[in-house]
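Start from chain P and add chain Y according to the hints.
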Amino acid sequence: MRFNQLFCAFVVATATAACGQSFTAATPPEFVEIENDYDDFDYRAASADGLVFAVREIEHDPEGSRAFWARAIENRMRDQGGYALIDTKDVKTAQGIDGTQLRFGHDEEGRPHLYYVTLFVTDDTIYIHEAGGTKELMEQHAAQVDWAVKHFWIK
Amino acid sequence: MVSFYAKYLKKPALGRSGRLPLVAVMLCALLAMACGAAGQSKGGDYATSPAEPGAYPQSAGAVDGDYDDSEAEMMEGTVSADYRSEPSPAPARATTRDIAKKVEISGGSSGAPPPAPPPPPQQQPARAKSKPTEESPTSATAASSTDRRKVTPLLVYKAHLNVAVFETEKSIDKVERLAREAGGYLVRRDDTVIVVRIPTKKYHDALETIAKIGDVIHREVSVQDVTEQFYDMQTRLKNLRAVRDRFEQLLGKAKNVEEALAVQRELERVTTEMERLEGRLKVLRELIAFSTITVEFAPRSSDKIDPKFRLPFGWLSSLGLSRLLEL
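Line by line, the protein sequences are chains P and Y.
The numbering of the first sequence is the numbering used here, which starts it at 1 and goes up by one.
The numbering of the second sequence is the numbering used here, which starts it at 1 and goes up by one.
Treat the hints with care, since some could be wrong.
Unchecked claim - List of simulated lysine to aspartate or glutamate pairs, EDC-like, C-alpha gap at most 20 Å:
id: 1; chain 1: Y; residue 1: K170; chain 2: P; residue 2: D87
id: 2; chain 1: Y; residue 1: K158; chain 2: Y; residue 2: E181
id: 3; chain 1: Y; residue 1: K212; chain 2: P; residue 2: E74
id: 4; chain 1: Y; residue 1: K174; chain 2: Y; residue 2: D191
id: 5; chain 1: Y; residue 1: K212; chain 2: Y; residue 2: E176
id: 6; chain 1: Y; residue 1: K170; chain 2: P; residue 2: E139
It is worth saying that the hints were derived from the structure and are not from the lab.
Chain P on its own, in the form it takes in the complex:
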């Protein structure tokens, strides 16, 4: 049953992504893809209780290494956003693409939130995969977050 759900979600995500994007985002079960009303995002999905995924596709110009962009994101979030860098992980998608995941924490009105930014870099494009929500939700949906990153697909 669970496998079927995951498979269906994957198929739906694949089908809906056929509109000019150079990637296919995997939308886990219990999440719905949201029409992109925001210029910043090329893909967004949310759970009913407030955990959100997003993908940004950015032209890789000027060129920099994945380590460079990871550091740039880290500095931006820590120094200007006040986010705590909790962990940095190397990830690999099912497709075999290497990425870097930065895990940040941030309090808002006394509630701890988690924000994961996963970075994939190709010659032409930088892909930023984001996942965020309250710490409680992120921990509750940890498997789905990992699954979404694992099944991120670059065409």
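For chain Y alone, kept in the frame of chain P given last:
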């Protein structure tokens, strides 16, 4: 003070009543005090005699303000209210300020007004009532003014850490617990800032441990060498004690009420100044023995998250009795 005696000497009744020897003795005592202070000090400003004409009117007002700033800089977070508000007797005010000026010169720069005094730590020994000259701060227990060059420098450590805002309350709890376990104490705590004081011996270890509690974005560590300041104050206190003893002797020899009152006034002034110096020494000793660590959980610019999560479906927003019952 010298102007006070000059005024006193000019009184016609002085010579007639035969008080000149007494006043001469008092003058000698004062000169001895001035010489002692000048001899112990290193800087040229220290040696400036308070009796120099024109010195008081120019410096008194300015020094008063500088003095407060100096105190604030030196005694951040620990200065006692009694000490700060202690009034000086009017006749001796200029002299008191002059002493304050000397301390300020060795003390350094101006600073922000100090916050409210912290509650005294339970772990601290009862230093408050002991004689300042009989005890010394941590690293220079047996040191005296004569061998100050041999002693370990007396340093005041302060650290300020900006930590990313994540699980703030939990992290603040950890910092407070760490301070208490290290023998320190809490100075101030609110939603985003905690200030603790930790025994200087454990300062570096504590700082490293605190840095691991959260993600430190910015760290500022300062060290102030107060060795000279500390021993200068001790020397001044010693000299004031000698002067007080002489005044007490003179008080016993006073021949009439007028003389007794004059000596009494000076005695009060010297005593007040001694108490002031003792208070400052106590605070300085405290600052040396305990290092201050401030941990601030605050971003330089905030990234606001709307606490109410809203799915971007218009029809969801239209649900509810208010719409349903709207006819």
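Practice item. If any of the earlier hints don't hold here, list their numbers in rising order. Key: No numbers; nothing is violated.
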